[in-house]
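Protein chains: 2
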Amino acid sequence: MSADERLARVALGRLTEPGDPRVSALVEEIGAVRLHEVLAAGGDLAGLLPDVTSRMAAVQPERDLETAARLGIRFLIPSDEEWPRQVDDLEGAEAVHERGGAPLGLWVRGPLRLDSLDRSVAVVGSRSATTYGADTAAEISAVCARAGFTVVSGAAFGIDQAAHRGALGGGGATVAVLACGVDRVYPAAHRALLDHLGATCAVVSELPPGCSPTRLRFLSRNRVIAALTRGTVVVEAAVRSGALNTANWAGRLNRQLLGVPGPVTSAPSQGVHQLIRSGAATLVTSGAEVLEMVGESGAFLVEEPRGATRSRDRLSTRQQQVLDAVPLRHAAPADSIARTAGVALLEVRTALGGLSRLGLVLQVPEGWRLAERAAT
Amino acid sequence: MSADERLARVALGRLTEPGDPRVSALVEEIGAVRLHEVLAAGGDLAGLLPDVTSRMAAVQPERDLETAARLGIRFLIPSDEEWPRQVDDLEGAEAVHERGGAPLGLWVRGPLRLDSLDRSVAVVGSRSATTYGADTAAEISAVCARAGFTVVSGAAFGIDQAAHRGALGGGGATVAVLACGVDRVYPAAHRALLDHLGATCAVVSELPPGCSPTRLRFLSRNRVIAALTRGTVVVEAAVRSGALNTANWAGRLNRQLLGVPGPVTSAPSQGVHQLIRSGAATLVTSGAEVLEMVGESGAFLVEEPRGATRSRDRLSTRQQQVLDAVPLRHAAPADSIARTAGVALLEVRTALGGLSRLGLVLQVPEGWRLAERAAT
Chain A
1 MSADERLARV
11 ALGRLTEPGD
21 PRVSALVEEI
31 GAVRLHEVLA
41 AGGDLAGLLP
51 DVTSRMAAVQ
61 PERDLETAAR
71 LGIRFLIPSD
81 EEWPRQVDDL
91 EGAEAVHERG
101 GAPLGLWVRG
111 PLRLDSLDRS
121 VAVVGSRSAT
131 TYGADTAAEI
141 SAVCARAGFT
151 VVSGAAFGID
161 QAAHRGALGG
171 GGATVAVLAC
181 GVDRVYPAAH
191 RALLDHLGAT
201 CAVVSELPPG
211 CSPTRLRFLS
221 RNRVIAALTR
231 GTVVVEAAVR
241 SGALNTANWA
251 GRLNRQLLGV
261 PGPVTSAPSQ
271 GVHQLIRSGA
281 ATLVTSGAEV
291 LEMVGESGAF
301 LVEEPRGATR
311 SRDRLSTRQQ
321 QVLDAVPLRH
331 AAPADSIART
341 AGVALLEVRT
351 ALGGLSRLGL
361 VLQVPEGWRL
371 AERAAT
Chain B
1 MSADERLARV
11 ALGRLTEPGD
21 PRVSALVEEI
31 GAVRLHEVLA
41 AGGDLAGLLP
51 DVTSRMAAVQ
61 PERDLETAAR
71 LGIRFLIPSD
81 EEWPRQVDDL
91 EGAEAVHERG
101 GAPLGLWVRG
111 PLRLDSLDRS
121 VAVVGSRSAT
131 TYGADTAAEI
141 SAVCARAGFT
151 VVSGAAFGID
161 QAAHRGALGG
171 GGATVAVLAC
181 GVDRVYPAAH
191 RALLDHLGAT
201 CAVVSELPPG
211 CSPTRLRFLS
221 RNRVIAALTR
231 GTVVVEAAVR
241 SGALNTANWA
251 GRLNRQLLGV
261 PGPVTSAPSQ
271 GVHQLIRSGA
281 ATLVTSGAEV
291 LEMVGESGAF
301 LVEEPRGATR
311 SRDRLSTRQQ
321 QVLDAVPLRH
331 AAPADSIART
341 AGVALLEVRT
351 ALGGLSRLGL
361 VLQVPEGWRL
371 AERAAT
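Chains A and B are the protein sequences, given in the same order.
Take 1 as the starting number for the first sequence in the UniProt record's numbering and just add one per residue.
Take 1 as the starting number for the second sequence in the UniProt record's numbering and just add one per residue.
Any given hint might turn out to be false.
Claimed, not checked - Pairwise CB distance ranges, derived in the manner of DEER restraints: (1) Val364(B) with Phe157(A): 21 to 27 Å; (2) Leu345(B) with Asp4(A): 28 to 34 Å; (3) Val364(A) with Gly169(B): 39 to 45 Å; (4) Gly171(A) with Arg240(B): 33 to 39 Å; (5) Gly359(B) with Ala58(A): 49 to 55 Å; (6) Glu347(A) with Gly169(B): 46 to 52 Å; (7) Ser2(B) with Ala267(A): 55 to 61 Å; (8) Pro111(A) with Pro333(B): 33 to 39 Å.
What the hints assert, rightly or not - Some but not every residue of chain A turned toward chain B, in silico, with C-beta under 7 Å: (9) Val33; (10) Thr131; (11) Gly210; (12) Ser212; (13) Pro213; (14) Thr214; (15) Arg215; (16) Leu216; (17) Pro261; (18) Gly262; (19) Val264; (20) Ile276; (21) Leu283; (22) Arg314.
Said to hold, decoys possible - Which bits of chain A does chain B cover? Going by a derived footprint, with three or more residues having C-beta under 8 Å, they are: (23) 12–25; (24) 338–349.
To be clear, the hints were calculated from the coordinates, so they are not data collected in a lab.
Please read all numbers here as calculations on a predicted model, not as lab measurements.
The beta-carbon is built from N, C-alpha and C at its ideal position, and this holds for glycine as well.
For reference, chain A alone in the conformation it holds in the complex (with noise of 0.2 Å):
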């Protein structure tokens, strides 16, 4: 019956769109070895798919499954162990979205188990980004590959392609979730990243074998790298941009959001910033804060930056006292300090000796002023 159900997935891939939510509600109400069973059979099925019987009749799932196989491409279904659970998070999400159903399958290219996806992050961003945000893309997808989180894109132009490759130049994982088949290299002058990732990571498509890439298939695509990964980091994304919609995905799969802000002046980090600004997304700035919203909860806590301690730190409170009531110009004399601080003026001259031996402030004719090194 497995193998049922996987040659009937094949089928229904070939004849649907990825994501129709008439399919995937039809596949969870009746199976989809009922469904092709049905469409087989001629059923008509309230126009779901225009001139089914003739298209059934070309439809080859074992020959596909083969092909597949020959050219080191197998294809998931959700009994299979590998299957990555997260996925199914997308059960139910057609009813939000009018491309939301749960894939029917997906065809892995790849050593990379994905049921190890369970420890992921997606990285996208526009395919017109600036050095900027490339830089940072790759800098944020090292720090996570190398903590042993995969870092998932779209292999596209841009932050995706610079995710990738930042996350091997970590030393560690990336997966590459396509809008056409895995066989199929979009865009073309990425082959040899898609190469790459196919001999040692993985290609991912819900796509079979052959497709071409659609508008209508990348948008489809983006709800399933959101729904791969436990959070969604956006690098630059201008106002009307793909990586939006990958964004859109994650927040309705209540997957962690994060985005990178750049310059306001910056059109590729408009998106970004109105997400962050609406309160969608988290502002992060660095590897370490993504990992400590996608981490296992305290695994990867971020300490915040606190500036140099200086010296000052270290002082009692009656000598910071002191000291804050130092003139920044000019020199001041003891008494003046004192009542400036509302302090006696004993304990000013204590206060000022202590200073004075740790080089912050500087006696001189007029008084006492503050030393370069306390001036800042």
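On the provided structure of chain A, position chain B as indicated by the hints.
For chain B alone, kept in the frame of chain A given last:
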């Protein structure tokens, strides 16, 4: 009695440091006049003011007011019509901070009436600002000033200076709040700026004329900036910076706290990113967004940037569906597009005809492909 009240507050201002919560609590309890009498009579008040008797002898409030008046400086107290009422929000703030007391009064140099500051916004930030930060501060300040919001800042190097100059460039008003007497110039390099503000807008301080700046006075000054304004915009602030102190005051006083992001690689943006990340500040990217937050509810609604409208926005649902199914590369025959779109062939041909007339698809020997302009 108002004259007595004013003289008492001048004298208390000479005897104490700004924001001392013990002083403001006593003023609230017994009044400034009575507190002054108690101190003049040598009342010890549990060590509130060391050496009070000798210091009291040196205080000459009448002469202070005369000298100030000669210099064009006035001293406002809470019973004055010109008193900026919002500063009274500091009453009771001494409970939450050691320097949180209400000001005894405000020394003002310049024609701008402080009761006009009910429409004002603080723009503050790092002294060691980047060009990006300074430009952004100036631009935001210009937009706010043009909209009739007075820009309040601290006349320091970097962001403060850019804020004042931006507001002036925008043809609006701007006020400097100093940590020294309003007759003093700090930093010295800003003499021309402060003279200009004193002649055309206003320079304000809690401290009596002649007083020097100290670190303690900078910190108490920051609470006045926050209290005077409807919101504080932080543009670049390193992890330890006075601007973050102003930000904290804005938060404590329930003012809007707004932060301008920058590159994550820029140290002067780190403090702002922390404020946004922690939820303390709202991310803003423009003067329009600042006005939306500090303006009267609904007066300055920002239209979210939506990207350029594209021809595809004007298509029917069916046309969009078909256009989305046209492959991004190569051409496809109409029946293949029909399968991808899940639309009947006849409808696909109609839709393709319409799309072709709009210049979005091209018919070629192998079928249909996207036109250049539809491919992005």
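Against the structure, the hints:
Checked against the hint of 21 to 27 Å, the pair Val364(B) and Phe157(A) passes, with Cβ atoms roughly 25 Å apart. Checked against the hint of 28 to 34 Å, the pair Leu345(B) and Asp4(A) passes, with Cβ atoms roughly 31 Å apart. Separation of Val364(A) from Gly169(B) is about 42 Å and conforms to the stated range, judged on CB atoms against 39 to 45 Å. Between Gly171(A) and Arg240(B) the beta carbons are some 35 Å apart, a value that agrees with the proposed interval 33 to 39 Å.
Between Gly359(B) and Ala58(A) the beta carbon distance is about 33 Å. The supplied range of 49 to 55 Å is therefore violated. The beta-carbon spacing between Glu347(A) and Gly169(B), approximately 49 Å, falls within the hinted interval of 46 to 52 Å. At roughly 57 Å, the beta-carbon separation of Ser2(B) and Ala267(A) lies within the given 55 to 61 Å, and the hint holds. For the hinted restraint 33 to 39 Å between Pro111(A) and Pro333(B), the CB-CB distance of approximately 37 Å keeps it satisfied.
Using the Cβ-Cβ criterion of 7 Å, the hint placing Val33(A) at the interface with chain B is not satisfied: the shortest such distance is roughly 21 Å. A cut of 7 Å between beta carbons decides the hint on Thr131(A): the least distance to chain B is about 11 Å, and the hint is violated. Violation of the interface hint for Gly210(A) is found here, the shortest Cβ-Cβ separation to chain B being roughly 12 Å, above the 7 Å cut-off. For Ser212(A), the interface hint holds, the least distance from its beta-carbon to any beta-carbon of chain B being 4 Å, beneath 7 Å.
Against a cut-off of 7 Å between C-beta atoms, the interface hint on Pro213(A) holds, since the closest Cβ of chain B lies about 5 Å away. Because the closest C-beta pair between Thr214(A) and chain B is about 5 Å apart, less than 7 Å, the hint holds. Proximity of Arg215(A) to chain B holds as hinted, the smallest CB-CB distance being about 4 Å (cut-off 7 Å). The interface hint given for Leu216(A) holds, since its Cβ lies 4 Å from the closest Cβ of chain B, which is under the 7 Å cut-off.
A cut of 7 Å between beta carbons decides the hint on Pro261(A): the least distance to chain B is about 3 Å, and the hint holds. A distance limit of 7 Å between C-beta atoms decides the matter here; for Gly262(A) the minimum to chain B is near 6 Å, and the interface restraint holds. For Val264(A), the interface hint holds, the least distance from its beta-carbon to any beta-carbon of chain B being 4 Å, beneath 7 Å. Look at Ile276(A): its Cβ gets to within about 5 Å of chain B, closer than 7 Å, so that hint holds up.
Of the supplied interface hints, the one on Leu283(A) holds, with its beta-carbon coming within about 5 Å of a beta-carbon of chain B, less than 7 Å. At its closest, the beta carbon of Arg314(A) sits 15 Å from a beta carbon of chain B; the interface hint therefore is violated under the 7 Å criterion. For the region 12–25 of chain A, the stated coverage by chain B is satisfied: 3 residues place a CB nearer than 8 Å to a CB of that chain, which reaches the threshold of 3. With 8 residues carrying a beta carbon less than 8 Å from a beta carbon of chain B, the region 338–349 of chain A meets the three-residue requirement, and the given coverage holds.
Of the numbered hints stated above, those contradicted by the structure are hints 5, 9, 10, 11 and 22, listed in ascending order.
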